[in-house]
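*Asks:* Single-letter residue listing:
4 protein chains.
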Amino acid sequence: MRIDLNADVGESLGAWRIGDDERLIPLLTSANVACGAHAGDPLTMERTVRIAARHDVAVGAHPGYPDLVGFGRRELDMAPDELEASIVHQVGGLLAFCRDAGVQLRHVKAHGALYNRAARDPVVAESIAKAVKRISPSLVLVGLAGSELVSAGRAAGLRVAEEAFADRAYESDGSLRSRRLPGAVLHDSDAAARQALTIVAEGSVTSHDGVRVSLRADTLCIHGDTTGAVEIAKAVRSALSAAGVEVLALEA
Amino acid sequence: MRIDLNADVGESLGAWRIGDDERLIPLLTSANVACGAHAGDPLTMERTVRIAARHDVAVGAHPGYPDLVGFGRRELDMAPDELEASIVHQVGGLLAFCRDAGVQLRHVKAHGALYNRAARDPVVAESIAKAVKRISPSLVLVGLAGSELVSAGRAAGLRVAEEAFADRAYESDGSLRSRRLPGAVLHDSDAAARQALTIVAEGSVTSHDGVRVSLRADTLCIHGDTTGAVEIAKAVRSALSAAGVEVLALEA
Amino acid sequence: MRIDLNADVGESLGAWRIGDDERLIPLLTSANVACGAHAGDPLTMERTVRIAARHDVAVGAHPGYPDLVGFGRRELDMAPDELEASIVHQVGGLLAFCRDAGVQLRHVKAHGALYNRAARDPVVAESIAKAVKRISPSLVLVGLAGSELVSAGRAAGLRVAEEAFADRAYESDGSLRSRRLPGAVLHDSDAAARQALTIVAEGSVTSHDGVRVSLRADTLCIHGDTTGAVEIAKAVRSALSAAGVEVLALEA
Amino acid sequence: MRIDLNADVGESLGAWRIGDDERLIPLLTSANVACGAHAGDPLTMERTVRIAARHDVAVGAHPGYPDLVGFGRRELDMAPDELEASIVHQVGGLLAFCRDAGVQLRHVKAHGALYNRAARDPVVAESIAKAVKRISPSLVLVGLAGSELVSAGRAAGLRVAEEAFADRAYESDGSLRSRRLPGAVLHDSDAAARQALTIVAEGSVTSHDGVRVSLRADTLCIHGDTTGAVEIAKAVRSALSAAGVEVLALEA
Chain H
97 MRIDLNADVG ESLGAWRIGD DERLIPLLTS ANVACGAHAG DPLTMERTVR
147 IAARHDVAVG AHPGYPDLVG FGRRELDMAP DELEASIVHQ VGGLLAFCRD
197 AGVQLRHVKA HGALYNRAAR DPVVAESIAK AVKRISPSLV LVGLAGSELV
247 SAGRAAGLRV AEEAFADRAY ESDGSLRSRR LPGAVLHDSD AAARQALTIV
297 AEGSVTSHDG VRVSLRADTL CIHGDTTGAV EIAKAVRSAL SAAGVEVLAL
347 EA
Chain Z
97 MRIDLNADVG ESLGAWRIGD DERLIPLLTS ANVACGAHAG DPLTMERTVR
147 IAARHDVAVG AHPGYPDLVG FGRRELDMAP DELEASIVHQ VGGLLAFCRD
197 AGVQLRHVKA HGALYNRAAR DPVVAESIAK AVKRISPSLV LVGLAGSELV
247 SAGRAAGLRV AEEAFADRAY ESDGSLRSRR LPGAVLHDSD AAARQALTIV
297 AEGSVTSHDG VRVSLRADTL CIHGDTTGAV EIAKAVRSAL SAAGVEVLAL
347 EA
Chain A
97 MRIDLNADVG ESLGAWRIGD DERLIPLLTS ANVACGAHAG DPLTMERTVR
147 IAARHDVAVG AHPGYPDLVG FGRRELDMAP DELEASIVHQ VGGLLAFCRD
197 AGVQLRHVKA HGALYNRAAR DPVVAESIAK AVKRISPSLV LVGLAGSELV
247 SAGRAAGLRV AEEAFADRAY ESDGSLRSRR LPGAVLHDSD AAARQALTIV
297 AEGSVTSHDG VRVSLRADTL CIHGDTTGAV EIAKAVRSAL SAAGVEVLAL
347 EA
Chain X
97 MRIDLNADVG ESLGAWRIGD DERLIPLLTS ANVACGAHAG DPLTMERTVR
147 IAARHDVAVG AHPGYPDLVG FGRRELDMAP DELEASIVHQ VGGLLAFCRD
197 AGVQLRHVKA HGALYNRAAR DPVVAESIAK AVKRISPSLV LVGLAGSELV
247 SAGRAAGLRV AEEAFADRAY ESDGSLRSRR LPGAVLHDSD AAARQALTIV
297 AEGSVTSHDG VRVSLRADTL CIHGDTTGAV EIAKAVRSAL SAAGVEVLAL
347 EA
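These protein sequences, in sequence, are chains H, Z, A and X. When we follow our numbering, the leftmost residue of the first sequence carries the number 97, and every step to the right adds one. When we follow our numbering, the leftmost residue of the second sequence carries the number 97, and every step to the right adds one. When we follow our numbering, the leftmost residue of the third sequence carries the number 97, and every step to the right adds one. When we follow our numbering, the leftmost residue of the fourth sequence carries the number 97, and every step to the right adds one.
The set of hints was computed from the structure by calculation and includes no laboratory data. One thing to keep in mind: the hints can contain errors.
Claimed, not checked - Listed below are the simulated SDA-like cross-link pairs for lysine to any residue, each with C-alpha atoms no more than 20 Å apart in a straight line:
| hint | chain 1 | residue 1 | chain 2 | residue 2 |
| --- | --- | --- | --- | --- |
| 1 | Z | K226 | H | S334 |
| 2 | H | K226 | Z | A197 |
| 3 | Z | K226 | H | K226 |
| 4 | Z | K226 | H | R195 |
| 5 | H | K330 | Z | Q200 |
| 6 | A | K226 | X | A197 |
| 7 | H | K226 | Z | D152 |
| 8 | Z | K229 | H | V199 |
| 9 | Z | K229 | H | R195 |
| 10 | A | K229 | A | S247 |
| 11 | H | K226 | Z | K229 |
| 12 | H | K229 | Z | K226 |
| 13 | H | K229 | Z | A197 |
| 14 | H | K229 | Z | K229 |
| 15 | X | K229 | A | S247 |
| 16 | Z | K226 | H | R216 |
| 17 | X | K226 | A | R146 |
| 18 | X | K229 | A | A197 |
| 19 | X | K226 | A | D196 |
| 20 | H | K229 | Z | M97 |
| 21 | H | K229 | Z | Q200 |
| 22 | H | K226 | H | R216 |
| 23 | Z | K226 | H | D196 |
| 24 | A | K229 | X | Q200 |
| 25 | H | K330 | H | D305 |
Assemble the whole structure, with the sequences as input and the hints as a guide.
*Replies:* Right under this line is the structure:
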């Protein structure tokens, strides 16, 4: 048994800080670095890539809607050609910092409202898959397990990683519980660790109302911007190690 | 005798248009494409690179200060590490569109206030040279002939191209006449063509007050955003051809 | 018979120009001035208000989604409190230039994707109506004739002006023909003038496929960003004058 | 003896938080609210004004250079008309939230690099003074004690408040010690309280190298974005109260 452990990082902007990347990144196997559209200025991108490089953590791009004030959490109705060009641009900017730091860019994972839209909208999913392929056909596309984005990535001939969440509650239909509803986020590190282990070891998750749902995942996400992200990451790693699960980056 | 002919292009932003890139680019040998900081959104960058690719015109990056409303024409007091990271980021974004279009990125030329600052400020010049070298040591750095940027580029071991202006008036000390003064810009295509020819064939330029100034240039700039840019470019090319000057892109 | 004639103006951004406000504004009775979110920087706002003041044209605010690259033409999924605050902020910024120029702010008309969304979405319509009322209950709210925004404005106790378009084609159900379809925009000034006159004098419009549709309007819009806007405005004014229609700003 | 106690607040941006405004504002007599250019989105502006209104703290505008990534701490070479228009726009946006909350806007204090530039550059100082007067001649202009901005405000006929800093070290010539040098910021709340008291009660401050410098101040600034701002504000208020100094907002 093996699993990748990822988090969204580099989501600061100039003087504004979100997340404790120095402490969180060493606990990950994959770091999704914000690309300047929803968060992340050039210097933050550069520093974040270097932290990941120093700890030998796989670097991925984390493109989002171009909307700083909304932190990429508001849907923006971009035309397919606009969205494709935006993603090529965002990932290209990050790629320059990867080459500069001597590391390979390994994967691409969309952020926030773009991630959610791509999970259910095949047109948006296809735009993302096409953009990723244009940048490099050897990039791994990360998407919500079982989503339209996963299908679009496979149809485009990309390697795809299906993602599940250690610290988010699920509905009984396997979808993520909306952040607008109570109990959507697991703040307790033990609960997150238990959920992580169930997903990896049993291929299922227990929904917030007690239903067991099948779920297979190649990578587990920890939210870097929540309080206690570092503690959750530690708890998840400990639980996985104790159960004999190897925590390894996605295969290229 | 040979010379490169360049212009700043891709300086539109969404619905706002500046320059007639479709008609101007085919007349150039080098196109400096705006990178999203002072002008140019991702879709504009993509389209501009493709126009240049279609006409076999060498593509360069044209990074500027991050200031859309000021069009990169206002100095912004960025720290050296901020400036370096910004240039790596801007050029990296463009590079993605070059790879996508199957063309090589050939040169980097700073825009507006950044170009002018780098011509006289060795600290800013060094930041630009270092950023360009970090992206690729085989890129050509374009700078005002005889400027600090040219020196910084050489000191960094980069290939450097010295630039002169077909359509800008010069002062008797060899500096460019400030745009705030009358007669700073040559709108007459014949006058621009004559100045271009004098620079290339005689290695000198006549200042606005009649003084002959020595000047050697590897590349001549036509301003893409002035009315009549296309006519000026045509007149310059005709004059150079008639005089037996080869108009060729910078050597890699 | 009377009608107001409005256009969207002040939609330049720094060095980028859209529209010929100096020539168009004197032909209007109401000028909708962009507020910096989808277009318009502070200096453009200041200058546009002063042009309107000089020609005694009523000034209104033209708030849009905060999206310069998309020119406010892409829907952005803002929460109601975000949208309300954004509109209060945008209109407040313009109000400062109105007071400075010694003119009253008379009306508010949403831009682009926000206008279209508010025409059909009662939640967005209510947010706009509430924001306008918070700024001043004596402002006139302009909305598409017969739309949700008109209803929301009335429900909020605001004076409402229903708008029709001189230079846009209509569908047989009274909606505007989508800009993605051929024939959506009338570029012929005579056709626009005829449509304007039919709307005002007969209370109806002929759809692009020949159906007569009832339509009552307090104000007619000319698109300031189309080529020929000045010619269309002149033709519309002539046709209305010749038919004895008074062209007057909305009543306060 | 009386003094005003101010801090810069509302400097969050969407999901990014700076400062603990809910706890800090009640300890102030004047709150300088960021206006969206260097920090502060519309919803943050609205909420910050409401916190101040609830605690009966005087509201002022805190305009800065339009540079989110640089947090307004990098000089931007704006032309005088651009700067004036930007300030009118920024303050106008805040004014709308003040009217909406039923409070008066009382003062204007520039932020960061703009504050520092205006302290020494008479042209920038004059632009700020003119902009403030255009918005309302009854606004109080806050500037560094003894600076060019104070002179420009007086020359424009504005009421001026001279500012000193409780938590910043001074040089022996009365200028602020640069943030790039060690010891520029006082993190110890007792030290800040002692400095505040010396300024108010003795009209002087002891420089970082032990020289006593004369200094008169109408208002004392606490930096809202430093750790311990709330503790410093409490210590300063206690020390002032114990010494019989009245802490009151600036007189209108």
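*Asks:* Please go over all the hints and tell whether each is borne out by the structure.
*Replies:* Status of the hints after comparison with the structure:
| no. | hint | in the structure |
| --- | --- | --- |
| 1 | Z:K226 to H:S334 | violated, 43 Å |
| 2 | H:K226 to Z:A197 | holds, 14 Å |
| 3 | Z:K226 to H:K226 | violated, 33 Å |
| 4 | Z:K226 to H:R195 | holds, 15 Å |
| 5 | H:K330 to Z:Q200 | violated, 44 Å |
| 6 | A:K226 to X:A197 | holds, 14 Å |
| 7 | H:K226 to Z:D152 | violated, 25 Å |
| 8 | Z:K229 to H:V199 | holds, 17 Å |
| 9 | Z:K229 to H:R195 | holds, 12 Å |
| 10 | A:K229 to A:S247 | holds, 14 Å |
| 11 | H:K226 to Z:K229 | violated, 30 Å |
| 12 | H:K229 to Z:K226 | violated, 30 Å |
| 13 | H:K229 to Z:A197 | holds, 13 Å |
| 14 | H:K229 to Z:K229 | violated, 27 Å |
| 15 | X:K229 to A:S247 | violated, 40 Å |
| 16 | Z:K226 to H:R216 | violated, 44 Å |
| 17 | X:K226 to A:R146 | holds, 17 Å |
| 18 | X:K229 to A:A197 | holds, 13 Å |
| 19 | X:K226 to A:D196 | holds, 11 Å |
| 20 | H:K229 to Z:M97 | violated, 43 Å |
| 21 | H:K229 to Z:Q200 | holds, 19 Å |
| 22 | H:K226 to H:R216 | holds, 17 Å |
| 23 | Z:K226 to H:D196 | holds, 11 Å |
| 24 | A:K229 to X:Q200 | holds, 19 Å |
| 25 | H:K330 to H:D305 | violated, 26 Å |
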